[in-house]
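Novice: Listed here are the chains, written in short residue letters.
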Amino acid sequence: DAGITQSPRHKVTETGTPVTLRCHQTENHRYMYWYRQDPGHGLRLIHYSYGVKDTDKGEVSDGYSVSRSKTEDFLLTLESATSSQTSVYFCAISESTANYGYTFGSGTRLTVV
Amino acid sequence: QQPVQSPQAVILREGEDAVINCSSSKALYSVHWYRQKHGEAPVFLMILLKGGEQKGHDKISASFNEKKQQSSLYLTASQLSYSGTYFCGTDGGSYIPTFGRGTSLIVHP
Chain A
1 DAGITQSPRH
11 KVTETGTPVT
21 LRCHQTENHR
31 YMYWYRQDPG
41 HGLRLIHYSY
51 GVKDTDKGEV
61 SDGYSVSRSK
71 TEDFLLTLES
81 ATSSQTSVYF
91 CAISESTANY
101 GYTFGSGTRL
111 TVV
Chain B
1001 QQPVQSPQAV
1011 ILREGEDAVI
1021 NCSSSKALYS
1031 VHWYRQKHGE
1041 APVFLMILLK
1051 GGEQKGHDKI
1061 SASFNEKKQQ
1071 SSLYLTASQL
1081 SYSGTYFCGT
1091 DGGSYIPTFG
1101 RGTSLIVHP
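For the protein sequence lines, the chains are A and B, in the order given.
Quick note: this note's numbering has the first sequence finishing at residue 113, numbered continuously throughout.
Quick note: this note's numbering has the second sequence finishing at residue 1109, numbered continuously throughout.
The following block holds chain B by itself, in its conformation from the complex:
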């Protein structure tokens, strides 16, 4: 079952914050987050395991609410380099994530 990402697109100015949500209809073991720039391969950002943990590096962090079967990606003080499409991948126990359709993030100067 493909997770649902929201919003589909976000347009920001440099320095603004953004939140991207990922929801699943199934119980989750883990959630992956990736960023893909146009014409390039997806790049792994982080993985969160069940237990309601939060992770982050630099100004990008994420949370995982196991009970709500949701994860959120937080981009703080966005930079031009944050532009791209963000994908979540949810794993319901098969250990292979199913990816959402992506959220397009555009950061303007």
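Chain A with its partners taken away, still in its complex shape:
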């Protein structure tokens, strides 16, 4: 069941360095999302995409950018990583916006030191 994969699974990086996380799907779903999960906060939306080259901001988008040049790939970039961006990052896909649940990837645990 590898409809959605995230890479890397774990990463340690230094403050100030750029970092890119990758989400790859084989379901041909139009909608893709990036969330971060922190203790006590649940899942918070960073950015989402509703098609190739079509993206929009979520509630915690500061310090992050995204790109989607192909249906199957959605990249999340931390321009200059900070310790506050230490988190678990989940990618999700959905067939449509309304009436459909999300399928989440296995997550990337990012530590910024």
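If you're looking for bench data, these hints aren't it; they were derived computationally from the structure.
Since this is a predicted model, take the numbers as computed values, not measurements.
Certain hints may be false.
Some chain A residues flagged as far from chain B (calculated, every beta-carbon gap over 12 angstroms) [stated by the list, open to error]:
#1 T17
#2 T26
#3 K70
In silico DSBU-like pairs for lysine-lysine, Cα to Cα no more than 35 angstroms straight-line [said to hold, decoys possible]:
#4 A:K57 <-> B:K1068
#5 B:K1050 <-> B:K1037
#6 A:K53 <-> B:K1050
#7 A:K53 <-> B:K1037
#8 A:K57 <-> B:K1050
#9 A:K53 <-> B:K1026
C-beta: ideal position from N, C-alpha, C; glycine also.
Once you have looked at the hints, place chain B on chain A.
Specialist: Just chain B now, with coordinates in the frame of chain A:
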């Protein structure tokens, strides 16, 4: 606006029932429910649309009260496999759910 889940944690023995509530301060179009086991990805359980419907599969069901802007998840005769953190996600019309902080459910033998 993040929905409020209650209780924050539930501890049960196998066979007991549990109810997890999800409340929003905004009018809702739909409510999602997910379960996440430790160290794993959240897994979709069900989605309920406005209209006050109830859904369920196996011994897990949910209701959605549009007027009260609330949803409840019912776990009947709980099993060890039900342990995990349950999240609701509420959609106020943007078609993208905002998730609650989660309810931790622990089922003991």
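Novice: Would you mind marking each hint as holding or not holding in the structure?
Specialist: Quick rundown of the hints versus the structure:
With a cut of 12 angstroms on Cβ distances, A:T17 stays outside the contact zone with chain B, its closest approach being about 26 angstroms. No Cβ of chain B comes within 12 angstroms of the Cβ of A:T26; the nearest lies about 16 angstroms off, and the non-interface call holds. No Cβ of chain B comes within 12 angstroms of the Cβ of A:K70; the nearest lies about 22 angstroms off, and the non-interface call holds. A C-alpha spacing of about 29 angstroms is found between A:K57 and B:K1068, which places the hinted pair at or below 35 angstroms, so the restraint holds.
Our distance criterion of 35 angstroms between C-alpha atoms is met by B:K1050 and B:K1037, whose separation comes to about 28 angstroms. Distance hint between A:K53 and B:K1050 is fulfilled; the C-alpha atoms sit about 32 angstroms from each other, no more than 35 angstroms. Taking the CA atoms of A:K53 and B:K1037, the gap is about 33 angstroms. The hint holds against a cut of 35 angstroms. For the hint pairing A:K57 with B:K1050, the CA-to-CA distance comes to about 26 angstroms; that is within 35 angstroms, so the pair holds.
Restraint check for A:K53 and B:K1026: satisfied, since their Cα atoms lie roughly 31 angstroms apart, inside the 35 angstroms limit.
In summary, this structure violates none of the numbered hints.
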